[in-house]
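If you read the protein sequences in the order shown, they are chains L and F.
Using numbering that gives the first Met the number 0, count along the first sequence one by one with no gaps and you end on 512.
Using numbering that gives the first Met the number 0, count along the second sequence one by one with no gaps and you end on 78.
You may find that some hints are simply not true.
[Said to hold, decoys possible] Sample of chain L residues at the chain F side, in silico, Cβ under 8 Å:
no. : residue
1   : G154
2   : R157
3   : N357
4   : R364
5   : R435
[As the list claims (entries may be wrong)] Computed Cβ-Cβ distance ranges for the label pairs, DEER-style:
no. : chain 1 : residue 1 : chain 2 : residue 2 : range
6   : F       : N67       : L       : R448      : 37 to 43 Å
7   : L       : P170      : F       : D62       : 34 to 40 Å
8   : L       : E431      : F       : D71       : 52 to 58 Å
9   : L       : R437      : F       : L2        : 24 to 30 Å
10  : F       : D49       : L       : R437      : 18 to 24 Å
11  : F       : D25       : L       : P201      : 37 to 43 Å
12  : F       : D49       : L       : H490      : 46 to 52 Å
13  : F       : D25       : L       : P209      : 52 to 58 Å
14  : F       : D49       : L       : V11       : 53 to 59 Å
15  : F       : D49       : L       : E417      : 29 to 35 Å
16  : F       : D49       : L       : D111      : 28 to 34 Å
17  : F       : D62       : L       : D470      : 31 to 37 Å
18  : F       : D25       : L       : G197      : 34 to 40 Å
19  : F       : D49       : L       : A87       : 56 to 62 Å
Hints listed in this document are in silico derivations from the structure and should not be mistaken for laboratory results.
Where a beta carbon is used, it is the ideal one built from N, C-alpha and C, also for glycine.
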Amino acid sequence: MRDLELPPELTVEHCLELDAREEFPDALCDSLTDLGAERLYLPGVPAERLLAMIRDLAGRDFTVALAHCKTYLGSVATWVGGSPAQVAGLAAKVSGGAVVSLALTERDHGSDALAGDVTATPVPGGYRVDGEKWLINNATRADVVCVLARTGNKGDARGFSLFLVDKHSLPAGTYRCLPKVATHGVRGADISGIRFTGAVVPADAMIGEPGRGLEILLKGLQITRTLCGGMSLGMGEHALRTVLEFAENHRMYGRRLADLPLATRALADSYVDLLVAEAVTVVSTRSIHSLTGEQSLISAIVKYYVPTLIDRTIQRLAKVLGARALLMDGPFQKIWRDHAIVGVFDGNTWVNLSTLVNQFPALTRGYRDARVDQEGLAAATGLKQPLPPLDPGRLSLAARDGCSLVQSLAVSPDAPEELRDRADRLHRSMAEWRPRGREVPPELFGLARDYAQLYAAAACVRVWADNALDDVWLRACLARVFGRPDEATEHLLDLTRRGRPFSFLRGVTDHDT
Amino acid sequence: MTLDHIRLWLRERVAFYVERTPEEIDPDAKLVEVGLDSVFAMSLSGDIEDEFGLVVEPTVAWDHPTVNALADHLHAEVA
Ligand SMILES: Cc1cc2nc3c(=O)[nH]c(=O)nc-3n(C[C@H](O)[C@H](O)[C@H](O)COP(=O)(O)OP(=O)(O)OC[C@H]3O[C@@H](n4cnc5c(N)ncnc54)[C@H](O)[C@@H]3O)c2cc1C
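For reference, chain L alone in the conformation it holds in the complex (with noise of 0.2 Å):
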């Protein structure tokens, strides 16, 4: 399923000089819009294909790959709530190359939207725009800017509107980008932000009716939330090619690294991390397509889950790479510090882990009632099952009847005992929490993380039941998981190292391509 060929040139060593001299990836832009790889952020292309561009970019290079693909981020709110002019008219400046960005977050209000300063008034013709967005990916380099800002009321989620900004229409003076900021990774990336003041857009600037912008972004990172995942992945196996190159060469005490039992576990956990990661991103970015209406408990989850787990098998291989993973000549110490950004933008792991929190109640509900979508999520979980086309009128704030992925445990044969078990227990745990409607207690950050656990283990045993795969793969990837050494870990780690190739899905769908 690769619908593009990366450029050859778009090389690690290259990627390792520019971010060295902290430079723009320019030509590896340029490069990538004559391959087309635009086409992959248009409405209607199914997620999996978005998703399986983004790992693969970003397991060559980081900043190229949020470099370019901000322009998904960007246009997302437009495919999901624009009018069909106004989504034709921003897929042909995307068709043609135009780079487009979100500009959410303000310099005193990072994840707290509702408190944001940017404002929209009215004004003949339509409206004008002020203040600042700051931390903004490709604000300077940006031809169109998504922006949300303020038409109501401060701390109203109805108080606020989506506008698609063209800077080359706004008058000169009415806009500035900001200054790069230097960044700890993604160094060469265009990092900045842009003040507006009295910048009068059209009224059609505006993305759906006033007052739904939060609405309708929201909606639209449940979309991009779920693809962060595809980051993680393009990263740490990036980072286990790496080491496992290392420890396979590296000889000590009359032997390979690789060889040595403690590090054979590590590479073997890492490995095996990865493979968990891909079926929780895999099966959670197929749910789009066919458990859309889930989709704002499914997002959180894999936003959470995937880049928390990888930040951790990151960790785990540096300590087995040693003083190399310090040095600034190899591709690992650029891992490891543009990793650290995917647990941090487009929704930090609070704000995922508090949306689960917050449905809580509904998820108590259906797993009290077994409500289960068989067939969404049969679709979901059947790599080579066909799925419908997205319909955004689908996606919803909150999941009404909880997760189904997560409640086929209470009814599924397949499911193991012990899933089910933890499953009963854990519901009981969430169930006698008083819902409180303010902060959220700590100790349900807890069972929220629990909660991802538990969706990462009944994703691992859907794809398993549904895909035909190896048992081996299955005892492994619920080892780790739940944290418990298994020989079958090795063992898999073992069939690596013989020549199979790191995924186990890409095999099942490539099959019959």
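Once you have looked at the hints, place chain F with the ligand on chain L.
Structure of chain F with the ligand alone, referenced to chain L:
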């Protein structure tokens, strides 16, 4: 289903979530001002479904942001 019944139920629900007594909830005050987080307010849609068998958008409390406004809306929907 009378409007009074819906209003009473809703006021109790909101009071429960923000840990106050129903009498302390001004039915004309914005739910956010009463202390109900707007993201959390979406779970009211589940309660509404359980209580009245009525399927509403999770954002219903965003569009009808006070106890009285929401009760009016639900009353019209049930009718
Ligand atoms: C490389 C990079 C690229 C970026 N690109 C973009 C972009 O293109 N567009 C854009 O709009 N923004 C972008 N951002 C901004 C980014 O999305 C925000 O910075 C981030 O989502 C908000 O997190 P924060 O740590 O900045 O701030 P805050 O949200 O203020 O978080 C600070 C701390 O508060 C705590 N916290 C926050 N929320 C909660 C909660 N609900 N419960 C408990 N604790 C909590 C956590 O400890 C958190 O670390 C980018 C940032 C970086 C670094």
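Tested hints:
1. Taking 8 Å as the C-beta cut-off, the interface hint given for G154(L) holds, the closest approach to chain F being about 6 Å.
2. At a threshold of 8 Å, the smallest CB-CB gap from R157(L) to chain F is about 5 Å, leaving the interface hint in force.
3. Among the interface hints, the one on N357(L) holds; its C-beta lies about 5 Å from the nearest C-beta in chain F, closer than the 8 Å criterion.
4. A least Cβ separation of about 7 Å between R364(L) and chain F falls short of the 8 Å threshold, and the interface hint therefore holds.
5. Restraint check, R435(L) versus chain F: the minimum CB separation of about 6 Å is within 8 Å; hint holds.
6. Between N67(F) and R448(L) the CB atoms are about 39 Å apart, so this pair conforms to the stated range of 37 to 43 Å.
7. Against the hinted window of 34 to 40 Å, the Cβ-Cβ separation of P170(L) and D62(F) comes to about 36 Å, which satisfies the hint.
8. At roughly 35 Å, the beta carbons of E431(L) and D71(F) sit outside the given window of 52 to 58 Å.
9. For R437(L) and L2(F), the Cβ-Cβ distance of about 28 Å falls inside the hinted range of 24 to 30 Å, so the restraint holds.
10. Against the hinted window of 18 to 24 Å, the Cβ-Cβ separation of D49(F) and R437(L) comes to about 22 Å, which satisfies the hint.
11. Checking the proposed 37 to 43 Å range against D25(F) and P201(L) shows it holds: the Cβ atoms sit about 40 Å from each other.
12. Remark: the range hint 46 to 52 Å for D49(F) to H490(L) is upheld by a beta-carbon distance near 48 Å.
13. In this structure, D25(F) and P209(L) break the distance hint of 52 to 58 Å, their C-beta atoms being roughly 27 Å apart.
14. At roughly 55 Å, the beta carbons of D49(F) and V11(L) sit within the given window of 53 to 59 Å.
15. Taking 29 to 35 Å as the suggested C-beta distance range, the pair D49(F) and E417(L) conforms, at roughly 31 Å.
16. For D49(F) and D111(L), the hinted distance range of 28 to 34 Å is satisfied, since their beta carbons lie about 30 Å from each other.
17. Between D62(F) and D470(L) the beta carbon distance is about 51 Å. The supplied range of 31 to 37 Å is therefore violated.
18. Checked against the given bound of 34 to 40 Å, the beta carbons of D25(F) and G197(L), roughly 38 Å apart, stay inside it.
19. Between D49(F) and A87(L) the CB atoms are about 42 Å apart, so this pair departs from the stated range of 56 to 62 Å.
Checked against the numbered hints above, the structure breaks hints 8, 13, 17, 19 and satisfies the rest.
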